[in-house]
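A.B. asks: Chains as they are written, first to last, in this note's numbering: chain V, 1 to 438; chain L, 1 to 274; chain D, 1 to 325.
One should not assume that every hint holds.
To be verified - As a list, the in silico DSSO-like pairs of lysine-lysine whose alpha-carbon atoms are at most 27 Å apart: (1) K287/V x K254/V; (2) K63/L x K287/V; (3) K287/V x K89/V; (4) K63/L x K89/V; (5) K287/V x K298/V.
The hints are simulated quantities; they were obtained by calculation from the structure and are not laboratory data. As the structure is a computational prediction, the values presented were derived from the model and not from experiment.
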Amino acid sequence: MRSFDTVRAGTPPALARRHFLAAAGAGAVGLALTGCARGSSAAAVPGEVSISTDNSDWDDGFRRAGDALQSLTGYGLRPESSPEAIAYKQVTQMTLETSRAADVIKWGAGYELKSLARGGKLTDLSRLWERYEQKGWVRGGQRASMSYRGAVYGVPLYESHYVVFYNKRLFTRLGLGPPATWDELTHCADTLKRRGVTPFVATQFGGWPAYQWFQELVSKIDPDFYRALVAGRARYTDEVAREAMDIWQGFIRKGWMTSPDFDQGNGAAALKAGRVGMFLYGTWGAKGFSDLGMRPGKDYDAFVLPTVRKTTRKSVITESGVLAVPLGATRHEAGVESVGAWLAPSVQRVWADYLDDGSANPAVRAGNPVVAEVRETVARERMPRLIRYGEASPPNLVQGNTQDLSSFMTQQSSPGDTLRSMAERSEDEWAAWKRDEA
Amino acid sequence: MLTTSRGRILRNTTVILLALVWAVPTWLVLSNAIVPAAEYGSSPHWWPQGFALFDNMAQAWNKAQLGPAMGNSLLYAVTSSLMAVLFAVMAAFAAVIMPVRHGTLWFWLIYSGALLPLQVFLRPLFLSYANFDLYDTQLGLVLVYAAIAVPFAFFIMRNYAMTMPREVVEAARMDGASWWRLFWQIHVPLSKSAMVAAFVFQFVAVWNDMLFGITLSTSGNIRPVMAALAELQGTYVSVGPPVVLGGAILVSLPTVVLFFSAQRFFVNSLKLTS
Amino acid sequence: MSTPTTRSRTGTDHESAPAGSVSRTPIRPSTSRGGGAQQPPVRERLASGAFLAPAVLLVGALLLAPFAATFYRSFFNDHRTSGFAGLDNYELFFTNESLVRSVENTLMWMAGTVVLPCVLGLAVAWLTNATRWSRLARLCVVAPYALSGAAVAVVWNFMLTSDGALNQLLTSVGLDPPAQGWLLEWPSNTVVLILANAWQATGVAVILFLVGLQGIPPETLEAASLDGAGPWQRFRHVVLPQLRPVSVIVIGISLANGLKSFDLIWVLTRGGPGRLTETLAVSMYQETFLLQHAGAGAAIAVVLTLIVLAASWLYLRRQLDAKGD
Numbered sequence: 001m002r003s004f005d006t007v008r009a010g011t012p013p014a015l016a017r018r019h020f021l022a023a024a025g026a027g028a029v030g031l032a033l034t035g036c037a038r039g040s041s042a043a044a045v046p047g048e049v050s051i052s053t054d055n056s057d058w059d060d061g062f063r064r065a066g067d068a069l070q071s072l073t074g075y076g077l078r079p080e081s082s083p084e085a086i087a088y089k090q091v092t093q094m095t096l097e098t099s100r101a102a103d104v105i106k107w108g109a110g111y112e113l114k115s116l117a118r119g120g121k122l123t124d125l126s127r128l129w130e131r132y133e134q135k136g137w138v139r140g141g142q143r144a145s146m147s148y149r150g151a152v153y154g155v156p157l158y159e160s161h162y163v164v165f166y167n168k169r170l171f172t173r174l175g176l177g178p179p180a181t182w183d184e185l186t187h188c189a190d191t192l193k194r195r196g197v198t199p200f201v202a203t204q205f206g207g208w209p210a211y212q213w214f215q216e217l218v219s220k221i222d223p224d225f226y227r228a229l230v231a232g233r234a235r236y237t238d239e240v241a242r243e244a245m246d247i248w249q250g251f252i253r254k255g256w257m258t259s260p261d262f263d264q265g266n267g268a269a270a271l272k273a274g275r276v277g278m279f280l281y282g283t284w285g286a287k288g289f290s291d292l293g294m295r296p297g298k299d300y301d302a303f304v305l306p307t308v309r310k311t312t313r314k315s316v317i318t319e320s321g322v323l324a325v326p327l328g329a330t331r332h333e334a335g336v337e338s339v340g341a342w343l344a345p346s347v348q349r350v351w352a353d354y355l356d357d358g359s360a361n362p363a364v365r366a367g368n369p370v371v372a373e374v375r376e377t378v379a380r381e382r383m384p385r386l387i388r389y390g391e392a393s394p395p396n397l398v399q400g401n402t403q404d405l406s407s408f409m410t411q412q413s414s415p416g417d418t419l420r421s422m423a424e425r426s427e428d429e430w431a432a433w434k435r436d437e438a
Numbered sequence: 001m002l003t004t005s006r007g008r009i010l011r012n013t014t015v016i017l018l019a020l021v022w023a024v025p026t027w028l029v030l031s032n033a034i035v036p037a038a039e040y041g042s043s044p045h046w047w048p049q050g051f052a053l054f055d056n057m058a059q060a061w062n063k064a065q066l067g068p069a070m071g072n073s074l075l076y077a078v079t080s081s082l083m084a085v086l087f088a089v090m091a092a093f094a095a096v097i098m099p100v101r102h103g104t105l106w107f108w109l110i111y112s113g114a115l116l117p118l119q120v121f122l123r124p125l126f127l128s129y130a131n132f133d134l135y136d137t138q139l140g141l142v143l144v145y146a147a148i149a150v151p152f153a154f155f156i157m158r159n160y161a162m163t164m165p166r167e168v169v170e171a172a173r174m175d176g177a178s179w180w181r182l183f184w185q186i187h188v189p190l191s192k193s194a195m196v197a198a199f200v201f202q203f204v205a206v207w208n209d210m211l212f213g214i215t216l217s218t219s220g221n222i223r224p225v226m227a228a229l230a231e232l233q234g235t236y237v238s239v240g241p242p243v244v245l246g247g248a249i250l251v252s253l254p255t256v257v258l259f260f261s262a263q264r265f266f267v268n269s270l271k272l273t274s
Numbered sequence: 001m002s003t004p005t006t007r008s009r010t011g012t013d014h015e016s017a018p019a020g021s022v023s024r025t026p027i028r029p030s031t032s033r034g035g036g037a038q039q040p041p042v043r044e045r046l047a048s049g050a051f052l053a054p055a056v057l058l059v060g061a062l063l064l065a066p067f068a069a070t071f072y073r074s075f076f077n078d079h080r081t082s083g084f085a086g087l088d089n090y091e092l093f094f095t096n097e098s099l100v101r102s103v104e105n106t107l108m109w110m111a112g113t114v115v116l117p118c119v120l121g122l123a124v125a126w127l128t129n130a131t132r133w134s135r136l137a138r139l140c141v142v143a144p145y146a147l148s149g150a151a152v153a154v155v156w157n158f159m160l161t162s163d164g165a166l167n168q169l170l171t172s173v174g175l176d177p178p179a180q181g182w183l184l185e186w187p188s189n190t191v192v193l194i195l196a197n198a199w200q201a202t203g204v205a206v207i208l209f210l211v212g213l214q215g216i217p218p219e220t221l222e223a224a225s226l227d228g229a230g231p232w233q234r235f236r237h238v239v240l241p242q243l244r245p246v247s248v249i250v251i252g253i254s255l256a257n258g259l260k261s262f263d264l265i266w267v268l269t270r271g272g273p274g275r276l277t278e279t280l281a282v283s284m285y286q287e288t289f290l291l292q293h294a295g296a297g298a299a300i301a302v303v304l305t306l307i308v309l310a311a312s313w314l315y316l317r318r319q320l321d322a323k324g325d
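Can you make the complete structure from the sequences, with help from the hints?
C.D. replies: Below is the structure:
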């Protein structure tokens, strides 16, 4: 602003202007060279471990969990969040190649973790995992999605299940209950639709949500097929996948699903307002309802989507974030120690309560009654926990197939064409993955 | 006279229609920034119920720590725009006034910087910044912003220099003035309106950058304001659109003020010189 | 305004200096560019080099060098242990359907960004230049330019989603909203994005054209009026030619920005649904950072750069030497 005032002031002699500009220029360069601050994130702060994440909503939670960690390890947590998920991925991958990595990083499970681990820049946490197993703080089934070539490279950050949230008051008013069978589900949808309520949230807004219904429908027809499909052992053009797409197409045609540009961020509010009846989402979505003042178990509740046929084995889609320790971390040992105490019940109590979601430690009960009930049902009925589609296959395959599914949701491509395209990509990307493994 | 009055009606209607169409999204920004965050449902408000603009701004300010971020951005926008304008006016002077060989080549060399897609720079810059210890430093951001600002500023300055009367320079040259003197005493004073214009455009561009802000910095004390705002937007679901919009309006204020004060200045200076 | 004083002062200061040797050195770039028969002395060339150096060094080190690295990278494949691939990455442009779509979108963006903000900007500047009340109208058009990307993203989401403001507006006046959302069908989604971009980008053009308009001496317009020229003729034959230096800037910048479009697409659709709204800049980002195909991404970046360079060169090569007045 200063420059305008001076220049606008009228007609100062050229010399004054010249001096001003020269001074401004020199000042600018001087300021730039001498007065510049350096980033605080890579600097080692005594008693703190830096953790980089892509979700600033969790910063407070990490600080609180860090306080609990401090009494176990002597180190608190200092979250450094990146504002955008894709920028976060890209920057984190690049920092691993440099000496600027944070002490602990948040990452995705499954193939997300595998593709990062095979760069050889992550710490092998297998010993630590064994200690966790001895203490009973992890389940055996979790190991596969945390490891690459037999070694463990991550510790689960949380454990969410994909469930259908519903507006309990609305359901009661319409004489509906949580559906236990497929017929009951379609009955609920039908009733809601007739009352002018859109039965299901389904969207491709934001990209990844496009696979939510796909993973759900395929696994509710045949969980074993889902496992084989994401592992590259079955084909997208097979009968089960086709049936899933046809059911989905039917739902869309009946007007049972929201428009594909629906913002899931508004899902909780739309459910509260009674504009949608059921919201397929991770249990981490419970926090959104609480934030809106809805009471768990009274105003909203959740159920695991029933299987399409009664004889099919029940299953649930499960998602876990991952904490990993870069080999080049500034405070490597402190990072490993913190991750080694992460699943301790005293830490998980604080953390799960903050998230309003499930802890990865099976011994820690969720604070939110709706989430706790879901987790108990899953345990009681021994439902297999299937890894979420987003982390179940090589990242490029997931990325491309998710785009195909969003084309399908916007009716730009037919079920058959969509599946053929997905099948083709599956072959290509699995070949590429195996080539790079060799 | 019938035609002129009809022409005036036509013109006025066009102006009003255009303004209305343009105002709709802007109005939505305003009205939804005013809605109290707790009142906001799941769809945009055409009319704000209640007035909570300042609450929303305050919440954005605290949550995204906009204060330090705005300080950072002010530093980046001022220093790198000043650097860029100075370098650009020097280069334009050399390319247009001085007897330089391959003037066109120099033009394209510098201007091509404005033609490259910004995403190209991210990875190479990140890796070399990490090597030279510029990653996550204020100096690093000042340098990259100055670099992306130079080509456009150069384009404006060069274009402006082409329209300047040459007789002045030729006469002074004949009188034996050094290039350095010529530059400071004749060229810079004559170019000042264009320099202010270039400064303002670059200031706005740097202020509004997010791409480099989120790639080349991670720390709160380095992060520019758009990165801080993006973080707020990332928590959109929990804070709600009114707070994001309140924050967005808040961080736009400096550019709005700068722009409108400078707009008056553009006009004044042009009137004086012409 | 300070021209005469400055000249007289330099004149008196250096009256005694020998003028001969200096006056022979060509001042105008056109003569020096002519053929190089008359080479400027080394000292002069060093001086001009010193003036060019800061800009060239900064641009060279921070922009051109990374681009050179990208160019080099485009000849290597994307296997985990990357090997030389020749032109394989460039073959994508012939085999990959979404990349072809991306080129189409990029060209649409280029056309839309050159035509819309420039024409609308000129129209708004010209129409609101005369009357006082229309300043308010101008403010409406210019304001979005200063708005940050976050607000633009939020508000266009408000506008364009199926349950959004635009459809509410249409329904309230008794019109039917489109069956599919505004951003879901090609090519209308790209068109809608271009319009949304014009909403923000027109402000700059208005300001620049306004500066140009106010530089036109009123006497020339009055003279044209007296000669019996109507408003359209005055605009066509007096105003437009005088606006040339400004329009070179506006069009030159719009051309480059249109071809490089990224921000608005990224925040509103991420290139989707599917890959329908991708432009080359978005495709490049997708390949490089989402799919970790650095080589393919580099090839797209190189092609995009060539297109931007070629388009800018075609437009600017004639305009650059014009003196503008």
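A.B. asks: Does each hint hold? Answer for all of them.
C.D. replies: Structure-based check of all given hints:
no.	hint	verdict
1	K287/V x K254/V	31 Å, violated
2	K63/L x K287/V	18 Å, holds
3	K287/V x K89/V	25 Å, holds
4	K63/L x K89/V	23 Å, holds
5	K287/V x K298/V	15 Å, holds
Checked against the numbered hints given earlier, this structure breaks only hint 1.
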